[in-house]
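Q: Letter 9 of the sequence shown, counting from 1, is numbered 9 in the working numbering, and no numbers are missing.
Because the hints were derived from the structure by calculation, they are not lab data.
Hints are not guaranteed to be accurate.
Cut-off 25 Å, straight-line C-alpha distance, at most; resulting in silico cross-link-like pairs (DMTMM-like, lysine to aspartate or glutamate) [stated by the list, open to error]:
1. Lys85 x Asp128
2. Lys74 x Glu131
3. Lys134 x Glu100
4. Lys134 x Asp86
Here are the computed distance ranges between Cβ atoms for each label pair [as the list claims (entries may be wrong)]:
5. Ser105 x Arg84: 21 to 29 Å
6. Lys134 x Arg84: 27 to 35 Å
7. Lys109 x Ser19: 44 to 52 Å
8. Thr40 x Arg111: 38 to 46 Å
9. Arg20 x Lys85: 29 to 37 Å
10. Ser108 x Ser29: 29 to 37 Å
11. Val104 x Arg20: 31 to 39 Å
12. Glu131 x Gln4: 28 to 36 Å
Cβ atoms here follow ideal geometry from the backbone N, Cα and C, with glycine treated the same way.
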Amino acid sequence: MKGQLTGMTGVYLVAAELSRRGFITSPTSRSAQGADLLVTNIYCSRSYAVQVKTNARTFNFWLMGIKNMSIHSKTFIYALVNLRKDRTEFFIVPSRIVAENLKVSEPSKRRKSTWYSFSIEYAKPYKDKWEIFK
1 MKGQLTGMTG
11 VYLVAAELSR
21 RGFITSPTSR
31 SAQGADLLVT
41 NIYCSRSYAV
51 QVKTNARTFN
61 FWLMGIKNMS
71 IHSKTFIYAL
81 VNLRKDRTEF
91 FIVPSRIVAE
101 NLKVSEPSKR
111 RKSTWYSFSI
121 EYAKPYKDKW
131 EIFK
């Protein structure tokens with residue numbers, strides 16, 4: 001699956017799951033920075049911005065960007081998705097946890113740019129933690 005299709009698949013799977021759980025969910029423009037989904041409860045009394053990161057090949061980390069180190073709030077949530085062949089995994093992680101635990105990998109002989117990544121080890125406690133959306 002190509003990168004953009006992988007990302008879109010993750011966004012729509014998260015949107016479908018949130019809708020199934022009773023939330024109103026709307027994808028943002030694919031070029032919007034930050035939030036991939038805007039989510040509210042049925043009373044419009046609680047709203048969330050959700051950034052979705054999706055993997056289809058490597059499943060032990062998600063690539064992020066330098067901005068992910070500084071963007072966090074109680075209503076900004078990451079939905080980290082692994083599209084495994086036999087199942088889909090969801091990790092629903094508060095943005096503060098992502099910001100505090102990003103790994104910075106400096107450029108090397110094999111990689112010309114700095115990588116920012118979030119390890120599955122930090123995500124595991126948040127597997128299927130949909131209740132973060134109260």
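Q: All the hints need checking, so say for each whether the structure fits it.
A: Against the structure, the hints come out as follows:
For the suggested pair Lys85 and Asp128, the alpha carbons sit about 18 Å apart, so the restraint of at most 25 Å is met. With a CA separation close to 14 Å, the supplied pair Lys74 and Glu131 stays within the 25 Å bound. In summary, the hint linking Lys134 to Glu100 is supported, as the alpha carbons are separated by about 23 Å, within the 25 Å threshold. For the proposed pair Lys134 and Asp86, the alpha carbon gap of about 29 Å is over 25 Å, so the pair is violated.
Against the hinted window of 21 to 29 Å, the Cβ-Cβ separation of Ser105 and Arg84 comes to about 24 Å, which satisfies the hint. One distance hint, 27 to 35 Å for the beta-carbon pair Lys134 and Arg84, holds here, with the actual separation near 28 Å. The hint said 44 to 52 Å for the Cβ distance between Lys109 and Ser19, and at roughly 46 Å that hint holds. Checked against the hint of 38 to 46 Å, the C-beta distance between Thr40 and Arg111 comes to roughly 40 Å, which is consistent with it.
In this structure the supplied range 29 to 37 Å is violated for Arg20 paired with Lys85, their Cβ-Cβ distance being about 23 Å. Distance hint for Ser108 and Ser29: a CB-CB separation of about 34 Å, consistent with the stated range 29 to 37 Å. Distance hint check for Val104 and Arg20: the Cβ-Cβ separation is about 36 Å, which falls inside the suggested range of 31 to 39 Å. For Glu131 and Gln4, the hinted distance range of 28 to 36 Å is satisfied, since their beta carbons lie about 30 Å from each other.
Hint compliance for this structure: hints 4 and 9 are not met, and every other hint is.
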